[in-house]
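Number of protein chains: 2
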Amino acid sequence: MKELKAGVTAAKGFQAAGLRAGIKAGKDNKDMAILYSEVPAVCAGTFTKNIVKAAPVLWDQEVVTQSGKAQAVIINSGIANACTGTKGYANCRKEAEIISSLLGMPREQVLVCSTGVIGVQLDMTVIQSGIENLVQAKAATAESANDVAEAILTTDTHKKEYAVECEIDGKKVVVGGMCKGSGMIHPNMGTMLAFVTSDVAIEQPLLQSILKEEIADSFNMISVDGDTSTNDTCLILCNGMAGNATLTDESEGLTTFRAALREVLIYLAKQIAGDGEGCTRLFEVTCHGASSKEEAKIISKSVVCSSLTKAAVFGKDANWGRILCAMGYSGAQFDPEKVDIILESDKGTVAIVKDGIATDYSEEYATEVLSGNPVKAILDVHAGEATATAWGCDLTYEYVKINADYRS
Amino acid sequence: MKELKAGVTAAKGFQAAGLRAGIKAGKDNKDMAILYSEVPAVCAGTFTKNIVKAAPVLWDQEVVTQSGKAQAVIINSGIANACTGTKGYANCRKEAEIISSLLGMPREQVLVCSTGVIGVQLDMTVIQSGIENLVQAKAATAESANDVAEAILTTDTHKKEYAVECEIDGKKVVVGGMCKGSGMIHPNMGTMLAFVTSDVAIEQPLLQSILKEEIADSFNMISVDGDTSTNDTCLILCNGMAGNATLTDESEGLTTFRAALREVLIYLAKQIAGDGEGCTRLFEVTCHGASSKEEAKIISKSVVCSSLTKAAVFGKDANWGRILCAMGYSGAQFDPEKVDIILESDKGTVAIVKDGIATDYSEEYATEVLSGNPVKAILDVHAGEATATAWGCDLTYEYVKINADYRS
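Sequence order for the protein chains is A and B. Mind the numbering: the first sequence is residues 1 to 408 in my numbering, read in order. Mind the numbering: the second sequence is residues 1001 to 1408 in my numbering, read in order.
Only chain A is shown next, with the shape it has when bound in the complex (with noise of 0.2 Å):
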């Protein structure tokens, strides 16, 4: 798989833009952003599940069941448009309105996104302005990219985008993405937010099921703080221009898809752990030897998501009885007797409990690999063939100190 620079617009006939609207205090702060395709791409989406759902949420999953088609994004950062009741979704709704006037579509081809403090409104002059804005700058160049990604930020310390691409068919196919996370992030779905941008041709309900199936091995295996967003989202658009004959379930080239659109969801979902809020490192956890896929899973996430844990990363302590307690209330089945715990990271790997017991490791170079980065925990349960992996990152004062003082 090649990689490439730009992100969402390294897809042929994806145009974008970000710039500053003036919604996020600092003035230099870019806080809008479209994502446009040239001609109507099909789209598939994923969302939180949590039951308080922001009213883009609830707009975009109209979009995606009902029309499936859709040519432009409309993202803002700065006010999740979250909890905001009918007057909300009404500002919403007039986001899509404008866009489908300014660029002649259908409105229900309009997805709308919004990320950042609960319970406040749109200010919709300045997003009326911000998107007129927006529709003279978008741009097929991989800055447009740039700004798109920095646009969508909120805690964030940096950019995420990443493009990959791959050969269908003798045509070039392209899978772009960017996408922005690092607190109340535990995803049930997509993160707070991700976008996918592709040329591939493709039948829209496979596509739904395509990413939904993906997701549920990156985006939704990552965990910051356990606090699943009420705005997770993922969209993904694919406007057919590489030319390729239209996949479906029987196509060839689909295997070669996915493993571009798998590529891309996993950097993002790795990008989004190790930048999650307060944090200095990704913390990698992969459990093999599980008796399902499932119960691989739970072990591994449960791992990624304890704070004691966490904080002993952050600590340098290979304080395997934590990660053993947080294997041991997962709720999955396994015999803690049987139990081997590998820590590795680029400055060495070492194994500290074999069959449940400590191994006679040294302290010290157990110290020396946690410190550096990634880390990664290996278990192995010896309960099956199943393995799966989550990431997450350490616990950290910053994080506290992010969280106490966030909408100030």
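Hints are computed from structural coordinates only; laboratory data are not their basis. Quick caveat: nothing in here was measured; it's all calculated off a predicted structure. One or more hints might be untrue.
Unchecked claim - Pairwise CB distance ranges, derived in the manner of DEER restraints:
{"no.": "1", "chain 1": "B", "residue 1": "Q1204", "chain 2": "A", "residue 2": "S209", "range": "51 to 57 Å"}
{"no.": "2", "chain 1": "A", "residue 1": "A216", "chain 2": "B", "residue 2": "Y1397", "range": "32 to 38 Å"}
{"no.": "3", "chain 1": "A", "residue 1": "K49", "chain 2": "B", "residue 2": "K1354", "range": "22 to 28 Å"}
{"no.": "4", "chain 1": "B", "residue 1": "S1209", "chain 2": "A", "residue 2": "E203", "range": "54 to 60 Å"}
{"no.": "5", "chain 1": "A", "residue 1": "E108", "chain 2": "B", "residue 2": "S1209", "range": "57 to 63 Å"}
{"no.": "6", "chain 1": "A", "residue 1": "T359", "chain 2": "B", "residue 2": "G1331", "range": "35 to 41 Å"}
Said to hold, decoys possible - Derived pair list, reagent style DSS-like, types lysine-lysine, alpha-carbon separation capped at 27 Å:
{"no.": "7", "chain 1": "B", "residue 1": "K1354", "chain 2": "A", "residue 2": "K49"}
{"no.": "8", "chain 1": "B", "residue 1": "K1376", "chain 2": "B", "residue 2": "K1347"}
{"no.": "9", "chain 1": "A", "residue 1": "K171", "chain 2": "A", "residue 2": "K69"}
{"no.": "10", "chain 1": "A", "residue 1": "K401", "chain 2": "B", "residue 2": "K1347"}
For each residue, glycine too, the CB sits at the ideal point set by N, CA and C.
Starting from the structure of chain A, add chain B where the hints point.
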């Protein structure tokens, strides 16, 4: 209900001692304790649901289910005797045997508890001499109850004990208790360690079923960090020395005893939540108007466990969006647009959400309310009549500090 001074020695016929054996670091730290009933007592217990169970948990489960009687409890802090394999279990049995031979009771009537670092074996020479000294020192005084309550602590900042007196059949009945716990607190049974003694006469199976029910509304409704320990144990010993007619299902006095037991359990559970590692305030969340008790529990516990909400309490930030978000991902069913939220403390009361939308409250006043202790969030989902309360604490820099560096 009359509150008494002593804890576990308040009830007739109970003796205790706590002293330093030399397990913990720090030459003044008490680390071993004994609880002794002058006559065999019926006992009941609830234990961690973590499948990684410490050796003493396995031992005590056998005592409770097989003999249902106990006359002594031997406790150490500093080492949890968890993840210690067959040697750990043998050491546990050995402790019971030492007590058994010194005090002349079957080893099956000796309960054993440990708390502290996971994965380290007990030094049985230290344990043996500790037990010998405890057996000499045990007494039925308030001072000895204080010593025991101190000897069982780990990262706790203060002792936790309580006792009440009630009347059954014209007899004075006392229920007293103590507990410890500060981190790895998300009990799915008892909490790390809790002990209740009473002189009431009661049938053992009834005692077990009452304990289980009351634990569900007390210790199982607290959380410090979401990590369910390997050692959670709550034990109750009732020696019948109050002289009441043995309580059965039918007894009138049962309601009184349950009320006394509940008062002691909830008091102790709140003490643990309010002394959560690094915390500055107790956080109490009550959910009213739920469609069932189970739903009310799920909602209140989800809020009390939310890292973001806990950090907001620390920051005195009335971030109701995080509360609503945590309610939303709890898994309970309710209409977000019917939710009311009130914040309350000794500094005042403020209604911040009505029908799912922010009221026109003063942020300044809300911050004032949040500076009180305990901080209470009172939720109403207007879906039914059920109510439940959960207890936790705020998330602070100090929590991270303690847990980034616990073992060293």
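_Cβ distance range 51 to 57 Å for Q1204/B and S209/A, holds or violated_ = Given a distance of about 56 Å, which is inside 51 to 57 Å, the answer is holds.
*How does the Cβ-Cβ distance of T359/A and G1331/B compare with 35 to 41 Å: does it lie in that range?*
Roughly 39 Å apart at Cβ, these two residues keep to the hinted range, so it holds.
*When you check the alpha-carbon spacing of K1354/B and K49/A, does it fall within 27 Å?*
Holds, at about 23 Å.
*asked:* Check the hint pairing K401/A with K1347/B against an upper bound of 27 Å on the C-alpha distance.
replied: holds, 24 Å
*Take the C-alpha atoms of K171/A and K69/A, compute the straight-line distance between them, and say whether it is at most 27 Å.*
holds, 23 Å
*Going straight from one Cα to the other, do K1376/B and K1347/B come out at no more than 27 Å?*
Distance of about 11 Å is within 27 Å: holds.
_Range first: 22 to 28 Å. Now tell me if the beta carbons of K49/A and K1354/B are that far apart._
holds, 26 Å
*So the hint says 54 to 60 Å: do the beta-carbon atoms of S1209/B and E203/A match that?*
holds, 58 Å
*Given a hinted range of 57 to 63 Å, is it respected by the beta-carbon distance of E108/A and S1209/B?*
holds, 58 Å
*Mind checking the hinted window 32 to 38 Å against the Cβ distance between A216/A and Y1397/B?*
At 35 Å between Cβs, range holds.
Checked against the numbered hints above, the structure breaks none of them.
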